[in-house]
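Make the full structure from the sequences, and use the hints.
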Amino acid sequence: MLKHFLFCFFVLVLLLFNSLSVCFAADPSIVDEALSKAENNLASAYLAVSDAENAGANVSGLLFRLERAGEFLASARNAYRMGDFDGAYSYALNCSSILDGVVSEASVLKVDAERSFEERLFFTAGLSSFGLSLLFVLGLFGWKFLKLKYVKRVLEMKPEVVHKE
Amino acid sequence: MSFEDFKLLYIVLCLFLGLIILSPTLALVVRLPSGERFSELWVLGSGGLAEDYPFTIVDGEMYNVSLGVGNHMGGSEYYLVYVKVRNQTEALPDAFNGTPSVLEPDFEYRFFLRDNAVWERKTLFSFKGISFEGNLCRVSSFVVDGHVLDVDKLAVWDEENRGFYLQLFFELWRYDSTTSAFQYHNRFVGLWLNFTMPI
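From first to last, the protein sequence lines are chains A and B.
FYI, in the working numbering the residues of the first sequence are 1 to 165.
FYI, in the working numbering the residues of the second sequence are 1 to 199.
Derived by calculation from the structure, the hints in this document are not laboratory data.
All residues carry an ideal CB built from backbone N, CA and C; glycine is no exception.
Be careful, since some hints might not be right.
Cross-link-like lysine to aspartate or glutamate pairs, in silico, EDC-like; alpha carbons within 20 Å at most [said to hold, decoys possible]:
hint, chain 1, residue 1, chain 2, residue 2
1, A, LYS149, B, ASP59
2, A, LYS147, B, ASP5
3, B, LYS153, B, GLU108
4, A, LYS37, B, ASP176
5, A, LYS149, B, ASP5
6, B, LYS128, B, ASP176
7, A, LYS144, B, ASP5
8, B, LYS122, A, GLU105
9, A, LYS152, B, GLU4
10, A, LYS147, B, GLU4
11, B, LYS122, A, GLU67
12, A, LYS152, B, ASP5
13, B, LYS128, B, ASP59
Among chain B residues calculated to face chain A with C-beta under 10 Å, some are [as the list claims (entries may be wrong)]:
hint, residue
14, GLU104
15, PRO105
16, ARG110
17, SER140
18, VAL144
If you want it as structure tokens, here you go:
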């Protein structure tokens, strides 16, 4: 019984806070601020994700979050155009909350991708250097061997002097 | 084969082998130039084909078109599509100078697209409050995807085409990371809509 009462009380408090925030949001200047903040957050998140992608990171999960945030921001802008400031404010807040942590996650992915690239490059360059050294040594030996064979073949082709009796 | 020819052949063979051995490293370091970078923007009829476009508009009736964007810019892009309505005297985007229409957008879509990916969506729209007064037609509201917007557009009687016309058009913008702002991407598509009252 007490658990149910506490649960209902908690839901009531949440609803009260939600309605309060919506009441405050009706002020267009607050809505403007929330919209421009959401816009900036989305742009920063996009730039961070784009950087990580260029570094070779797998950003599918982050792009999905950007997509959702973009939909919320478009809904916020469209609601604002209709004069629905409460709706616009709520959508702008949703947009910003989805983007929480995206920039830092993208930075981590970027660093990981760069490190992974460096490791791969180091390994591949090492293998290539070894291969080239081997080719150089074998090439020299091979050349000596082939040259000898060639000279031997040419000498075998040399006409012999026939002695007259 | 002379000795000199044999020597040349051997050197070429060694160089070729060297290139093969180096190729994995070169592939990681050397960036080959990519092809042309561009974005596509299209609008299709209700069946997803370049036919059955809405044309004659009736007050309150719902119409739909399929709007699409394709990304071939070589990486993920952040796009913005503005939906605008204009009459015959209002300016379209300038394709020559690459400037957008000066009209305020009535609606927008925002989305992110990976390279070579396509975004497509049905756009449902209707017009409400269509009234006629002499050689003028007034349209009060534009409803797009359930959002009711006050547009208050006036269309003047077009003697040549015998009707009242408004154009619904879509402008493509993309986020430019160098300027940190959206820039018009010099692409737009539009539909002429006939608001003439059926007799």
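Hints, verified against the model:
Restraint check for A:LYS149 and B:ASP59: the C-alpha separation of about 96 Å exceeds 20 Å, so the hint is violated. Proximity of A:LYS147 to B:ASP5 is assessed by CA-CA distance (about 12 Å); at most 20 Å being required, the pair is judged to hold. Between the alpha carbons of B:LYS153 and B:GLU108 the distance comes to roughly 19 Å, so the proposed pair stays at or under 20 Å and holds. Between A:LYS37 and B:ASP176 the alpha-carbon distance is near 18 Å, which keeps this suggested pair within the 20 Å criterion.
A C-alpha spacing of about 15 Å is found between A:LYS149 and B:ASP5, which places the hinted pair at or below 20 Å, so the restraint holds. Note on B:LYS128 and B:ASP176: the hinted pairing is violated, with a Cα-Cα distance of about 37 Å set against a maximum of 20 Å. Note on A:LYS144 and B:ASP5: the hinted pairing holds, with a Cα-Cα distance of about 16 Å set against a maximum of 20 Å. For the hint linking B:LYS122 to A:GLU105, the alpha-carbon distance of about 33 Å lies beyond 20 Å, and the restraint is violated.
With a C-alpha separation of about 16 Å, the suggested pair A:LYS152 and B:GLU4 falls inside the 20 Å cut-off, and the hint holds. With a C-alpha separation of about 11 Å, the suggested pairing of A:LYS147 with B:GLU4 holds against the 20 Å cut-off. A hinted pair counts as satisfied when its Cα atoms are at most 20 Å apart, and B:LYS122 with A:GLU67 qualifies at roughly 17 Å. For the suggested pair A:LYS152 and B:ASP5, the alpha carbons sit about 17 Å apart, so the restraint of at most 20 Å is met.
For the given pair, B:LYS128 sits about 5 Å from B:ASP59 by alpha-carbon distance, which is consistent with the 20 Å threshold. A cut of 10 Å between beta carbons decides the hint on B:GLU104: the least distance to chain A is about 8 Å, and the hint holds. The closest approach between the C-beta of B:PRO105 and any C-beta of chain A is roughly 8 Å, which is under the 10 Å cut-off, so the hint is satisfied. The closest approach between the C-beta of B:ARG110 and any C-beta of chain A is roughly 4 Å, which is under the 10 Å cut-off, so the hint is satisfied.
Contact between B:SER140 and chain A, as hinted, is not supported at the beta carbon level, the nearest pair being about 14 Å apart and thus beyond 10 Å. At about 8 Å, the closest approach between the beta carbon of B:VAL144 and any beta carbon in chain A falls short of 10 Å, and the interface hint on this residue holds.
The structure is inconsistent with the numbered hints 1, 6, 8, 17, although it conforms to all the rest.
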